[in-house]
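Student: Here is what each chain is made of, one letter per residue.
Number of protein chains: 2
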Amino acid sequence: MKSYQGFLIDLDGTVYKGTEKIDEAITFVKELEKRKLPYLFLTNNSTKHPRDVAEKLKEMDVPATTEQVFTTSMATATYISELKPGARVYAIGEEGLHFALEEQGLEIVTEDVDFVVMGLDRDITYEKLAIGALEIRKGATFVATNGDVALPSERGFLPGAGSLISVLSVTTGVEPKFIGKPEAIIVEQALEVLGTSKDETVMIGDNYDTDILAGINAGIDSLLVHSGVTKKEDLAKIEIQPTHTMESLAEWTLE
Amino acid sequence: MKSYQGFLIDLDGTVYKGTEKIDEAITFVKELEKRKLPYLFLTNNSTKHPRDVAEKLKEMDVPATTEQVFTTSMATATYISELKPGARVYAIGEEGLHFALEEQGLEIVTEDVDFVVMGLDRDITYEKLAIGALEIRKGATFVATNGDVALPSERGFLPGAGSLISVLSVTTGVEPKFIGKPEAIIVEQALEVLGTSKDETVMIGDNYDTDILAGINAGIDSLLVHSGVTKKEDLAKIEIQPTHTMESLAEWTLE
Chain H
57 MKSYQGFLID LDGTVYKGTE KIDEAITFVK ELEKRKLPYL FLTNNSTKHP
107 RDVAEKLKEM DVPATTEQVF TTSMATATYI SELKPGARVY AIGEEGLHFA
157 LEEQGLEIVT EDVDFVVMGL DRDITYEKLA IGALEIRKGA TFVATNGDVA
207 LPSERGFLPG AGSLISVLSV TTGVEPKFIG KPEAIIVEQA LEVLGTSKDE
257 TVMIGDNYDT DILAGINAGI DSLLVHSGVT KKEDLAKIEI QPTHTMESLA
307 EWTLE
Chain D
57 MKSYQGFLID LDGTVYKGTE KIDEAITFVK ELEKRKLPYL FLTNNSTKHP
107 RDVAEKLKEM DVPATTEQVF TTSMATATYI SELKPGARVY AIGEEGLHFA
157 LEEQGLEIVT EDVDFVVMGL DRDITYEKLA IGALEIRKGA TFVATNGDVA
207 LPSERGFLPG AGSLISVLSV TTGVEPKFIG KPEAIIVEQA LEVLGTSKDE
257 TVMIGDNYDT DILAGINAGI DSLLVHSGVT KKEDLAKIEI QPTHTMESLA
307 EWTLE
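Chains H and D are the protein sequences, given in the same order.
Just so you know, we're using the numbering used here here: the first sequence kicks off at 57 and counts up by one.
Just so you know, we're using the numbering used here here: the second sequence kicks off at 57 and counts up by one.
The set of hints was computed from the structure by calculation and includes no laboratory data.
Don't be surprised by glycine CBs; every beta carbon is placed ideally from N, CA and C.
Any given hint might turn out to be false.
[As the list claims (entries may be wrong)] Computed from the model, here is a short list of chain D residues facing chain H with C-beta under 7 Å:
#1 R178
#2 A206
#3 V226
#4 V230
With these hints in hand, go ahead and build the complete structure from the sequences.
Tutor: Quick look at the structure:
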């Protein structure tokens, strides 16, 4: 197998499933660390602070620092900051989104806003949606962290960011700019953070529709691991295949 | 003009605009009352108790009793009750919806539900949406009071029932059965209440996409009055025209 110099790695379904470790993936990450091969965890979870994501990984014995976590909230904040440094942003989301926006020096406000940015918000209220809709109608640019419509949980599939975001797109008729996987934008930003080039980096994940399509859309190699969402039979119907497909990351021999 | 024996009359944009009366409409309703011609106010507002709607009308000097108000919540409750009397219903909505469901003898519950019914709910929470999504995925029938995506207010257009409802349809992939205008179902139920036949009844409203299409879909005559949403120039682009079109209801001479 090609000897990649950079690794973008999805989390849920790839490194763990909920609270359960995926041992082969953890062994693989440890091997990357041992060989000093750069890797970055790339997640569409917009709600968490990267420090807390790293903490969870460390508790699972996965070598991870806060700097090795890149969330879609961080990608979203970077995207807005590049368009308009110090922009006025109305944010509907959780701690991870607010942290990322503030870290990029963006102003979190409720009026005269340049951007309405929305992610998963389990404290959603009608008033938040009302302000978002009014500001988009007044001309604010609408940006969304990710389009995942369902959120796996122990209770079953709960509403994901994409379904909450549809309130604003349906009521205003304005589609948001999506940032998270499968968009190329989050992968391109992750490569900047990782410091590797497109042709030497691979995107690893369990979900064809987000992880693998993100790799394909960004023009980098991809590896689908059948430890989560996408099954062998799902892949059979798909035209553009991942670069590599494996049952588990134990199959991958680093050279 | 044809001498109709029954009148279905929209409220906002037709009889009043927000808190402002439309005098020609009020004079028209008073004339109906004087002549003992049956009329029913037909509204896609699912949130209010019909008693409060009648109260508001009376304060505006419009002759109206609670029995002359038919809301989409009442139509929705009737629809469910006809499908399954005493059904177990999980309801996401305001006072008007809960009242209507209880009046029809339906059981409002949060588990083992037969129907998930949703209308505008300005106290929406993630937990309500989560329960709705889980129950629809488990097989509950999904019913929605109305599909209006925007709600006019003094602040501008706020999210309407249809945009909130999209959270559940997007996350589950299940489209709800809509009951309110422009669906025929609410008009057919209103005719039952009014006690007049299709060929002697007219639907009066200001909104082509809801009021007039409801009349057309139900196969009854319609009258568009240009006191609200639909302007003359909007109508020019439309193929199926209302039976009658007027600047105000002052143009209508009852025989």
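Student: Tell me if R178 of chain D is really an interface residue toward chain H, meaning its C-beta lies closer than 7 Å to one of theirs.
Tutor: Since chain H brings a Cβ to about 4 Å from R178 of chain D, closer than 7 Å, the hint holds.
Student: Going by Cβ atoms only, is A206 of chain D closer than 7 Å to chain H?
Tutor: Holds: closest Cβ of chain H sits about 5 Å from A206 of chain D, inside 7 Å.
Student: Min Cβ distance, V226 of chain D to chain H: is it shorter than 7 Å?
Tutor: Where the cut-off is 7 Å and the nearest Cβ of chain H is about 4 Å from V226 of chain D, the hint holds.
Student: Return the status of the interface hint for V230 of chain D: holds when the least beta-carbon distance to chain H is below 7 Å, violated otherwise.
Tutor: Violated, about 12 Å.
In the structure shown, a violation is registered for the earlier hint numbered 4 alone.
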